[in-house]
Each structure stands twice: as structure tokens, then as C-alpha cells.
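Asker: Produce the entire structure from the sequences given, and follow the hints as far as they go.
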Amino acid sequence: MLNFTFTKLTALAGVFIFAVKSATVECAKPLRMVQLLSEVNGFYVTAYWPNGALRVDSVAYSHASTFEVHLVPGRNDQWQLRALKNNKYIAAANGGGSICTADRDIASGWETFTVTELGNNRVQLKTFDGHFLGIDGSLTSSLIATATKADSWETFKVVEVPQRRGVNAGSWLVPEKWMFKPEKCSELWAGTTSVDLFSLTATVSEKFGREEMNRRMKRHWSTWLTKTDFEIMASQGVNHVRLPIGHWDIVESPHYVFGGAEYIDMAIKWAAARGMTVSIDLHGAPGSQNGMDHSGRSPTVNWHLNSENIKLTVKVLGMISERWGENPAVWGIEMLNEPSTIIPRDILTQFYRDGYAAIRQHSPTVHVVMNSFGGQHESWKDALPEPQYRNVRTCYELG
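Residue numbers -27 to -1, 1 to 372, in mature numbering (1 follows the signal peptide of the UniProt record, and there is no 0), belong to the letters of the sequence shown in order.
None of these hints come from the bench; they were simulated from the model.
One thing to keep in mind: the hints can contain errors.
As the list claims (entries may be wrong) - So the derived label-pair ranges between C-beta atoms look like this: (1) 182 - 315: 21 to 27 Å; (2) 315 - 232: 28 to 34 Å; (3) 60 - 192: 42 to 48 Å; (4) 284 - 49: 51 to 57 Å; (5) 337 - 210: 51 to 57 Å; (6) 275 - 210: 24 to 30 Å; (7) 49 - 360: 33 to 39 Å; (8) 317 - 358: 34 to 40 Å; (9) 67 - 337: 55 to 61 Å; (10) 245 - 225: 23 to 29 Å; (11) 337 - 201: 33 to 39 Å.
Yeah, the Cβ is synthetic: ideal placement off N, Cα and C, and Gly gets one too.
Answerer: Written as C-alpha cells, this is what we have:
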């Protein structure tokens, strides 16, 4: 299995010197991630792809409204802001007096802002030539730098975005045999040569009876991941847990043991009690989206060959959102883990759009994660573009 990267935080290597007119500004490493909320209209500063346009029109937490704060070395009151949306720095054209965009690869004078702290996490940001960042009051609420004196139109609340340090709770709700130590295999996998949950359920049920399979799974659920594990994770600085689940945890299936949802409830409760968050990842779709053991059924990919499989998957996403999407401890819902590259792109794209809609029926803000498995990361980056699609993240598999 490949672990999930929840937050992409790219640091510049070392310190560089750039000259702009008479100014020399050092470019720093990122200090933290923030969002800027306008005091006037209550919207977030948001970067738009592909030109880096900046508008103050986002109503909810969004990847596109998140910025890395780089402090100029030796100057805690000077910020350089890089948009996570496109990894470009915010710049005030000509040093101020015009519009602002997030379209610069490096930061220097025009990309450096002097910060005035007003208290209660409120700030005003002044450009290289003395203008203040603000909004223009139009329908699009563009970010501009034209005011020479600052008032509420040039005041923003800084909303901190915590960096997520996450682990993957593999093999709990979707058992993967390779993760088991030999003594553990003797409990769940005993008497079989099965390599996935589908074949394990069938074999144990046939040889020993369905009640035995139910007993084995409940024993596994109650011992593989416990409250103590969450205590240990929290003590080590982990603040996020990815929960791989199967469709059978949400909708009863004759091919699997039903009952995993109550353990998802427990995991969310354990996480919340320790200030942690979780993401719920649909690892196992009906028919298997990748033919791998961690989809719950191998070795063939049949998910896309039957429209009923896709419809059921969309339904499951809606049910996940209905049950957990508004829980403060639930950071996001990943629609489908590692879909095979043999699935036609148009089918997968439409599924992502339908899945997004199903999730949004019950939660307007939970993060929706789209998996770009197969090395085609850039081509998926804007499959669900803002502003039509909000709070969408892409899962990049790194190993």
C-alpha cells in the first residue's frame, strides 16, 4: 500500500538573494500555512487556475484559498505568500497601485508585504511602494493594492491551517494479508490460501460456516486498531488518520461481513477526543476498481464494466457523507482509492463529478479527495475546477 500525502508543503532550498530596483530581499522558507478572510465581505482570498487571478469570493475552507507564509530572514513583519493552488507567489504589480496576482515563481520586492498586526489575528498588508492589499468591492471582489491608507477594506483575519501529520490505518476494515504477522494470520486467515477479503469470506463461510467468518472479522475489528493506538499516535504528534473502508461497510453485501460502520464511528470518536481528524477513503468499490487485494477483491477490474457498480459507489459516497460528512473530526472523503488506468477516463471523470455531487448533498464543506493514481497527476489537477467544485483535493501516490 502507498501512504497518502495530506498536505503538500514545498520549501525553497536554502536562502536566495534577488534584486529589484534598489531593494534586495531574501526569500525564506515557509513558516506556516494560512488563509486570509476579508473583514468586509467575509470571504477568503482565493487563487484561480491557470492565470493566478486573486479574488476574495470563497465562502468555505479551500485548497485554493491556502497560502504558505514565508518570512523574510530577520524581518518577522515581512511576509511572502505562496498559493498552494499553483505554487506561485502573490505579487502586487509594479510594487503596488494595481491588481494582485499569484503568478510569480520567485519572491522579491513586489512579492513582499509588510504586516501590521491589529490584534485578534487581524492584519493589514502593505506593498513595496506603500499601498495596502484590499478588495475592490466589485462583484468579483478582486484583490488589489491601490489604497494608501488602510481601513476595513484592507483588513484581513488570518486563519491558521494546521499541517497534517497522518498515518494510514491499513488492513483494519479492508484486511490485507501481507500486513499480518504470522501469528495474526493464524487467527483471521487460518485454513485458507485466500489473498483478499472476498475470497477469505467465501472460503471460511464454506468450510467453517458464516458464523465463524463473522466471529473472525469481529475479533479482527476489535483488536487490530484500538483506542490505545490513537493515544500512541497522538503522543507522537500524529494528528490525522486515513481510514480505508469498503462499500460493504456501508451497504450490506452477501460477499462480506457487515458491521464495519460502528468501528468507523469509534475511530472518529477516538480521534476527536485527542484533537485529531480522519479522512474516510473508499478503498473497496463493488466489482473492484483496480483488481488489487486492498480493494477487497482480486485479480480482475470489473467496477467500470457494470453501470450498477458505479451507481452503487456513488450511493455509498452519499451515505458516507450523510453519516459523517458534517462531523468536525472528519476532514475529508476520498471517493475511490487507486482506480486502475484501464478504466476509461471519461467514465472515471463522470464518476468523480457524480460522487462529488452525492457528497455535497449532505456536507457543503467536507474535503472531497480525488485519486490520480497511475502517474497522470498533472492531467487530473483541474478535472473538478473551482468555483463549481469546492474543497477538492488530489491524492498523489508517492511510492
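Asker: Now tell me, hint by hint, if it's right for this structure.
Answerer: Outcome of the hint check:
Between residue 182 and residue 315 the Cβ separation comes to about 37 Å, which falls outside the hinted range of 21 to 27 Å. For the hinted restraint 28 to 34 Å between residue 315 and residue 232, the CB-CB distance of approximately 32 Å keeps it satisfied. Checked against the hint of 42 to 48 Å, the pair residue 60 and residue 192 passes, with Cβ atoms roughly 47 Å apart. A hinted range of 51 to 57 Å holds for the C-beta pair residue 284 and residue 49, which are about 54 Å apart.
Hint check: residue 337 to residue 210, Cβ distance near 31 Å, so the stated range 51 to 57 Å is violated. Range check, residue 275 to residue 210: about 41 Å between beta-carbon atoms, so the 24 to 30 Å window is missed. At about 34 Å, the CB distance of residue 49 to residue 360 agrees with the hint of 33 to 39 Å. Distance hint for residue 317 and residue 358: a CB-CB separation of about 21 Å, inconsistent with the stated range 34 to 40 Å.
For the pair residue 67 and residue 337, the beta carbons lie near 39 Å from each other, so the given range of 55 to 61 Å is not met. Between residue 245 and residue 225 the C-beta distance comes to about 27 Å, which sits within the given range of 23 to 29 Å. One distance hint, 33 to 39 Å for the beta-carbon pair residue 337 and residue 201, holds here, with the actual separation near 35 Å.
Of the numbered hints stated above, those contradicted by the structure are hints 1, 5, 6, 8, 9, listed in ascending order.
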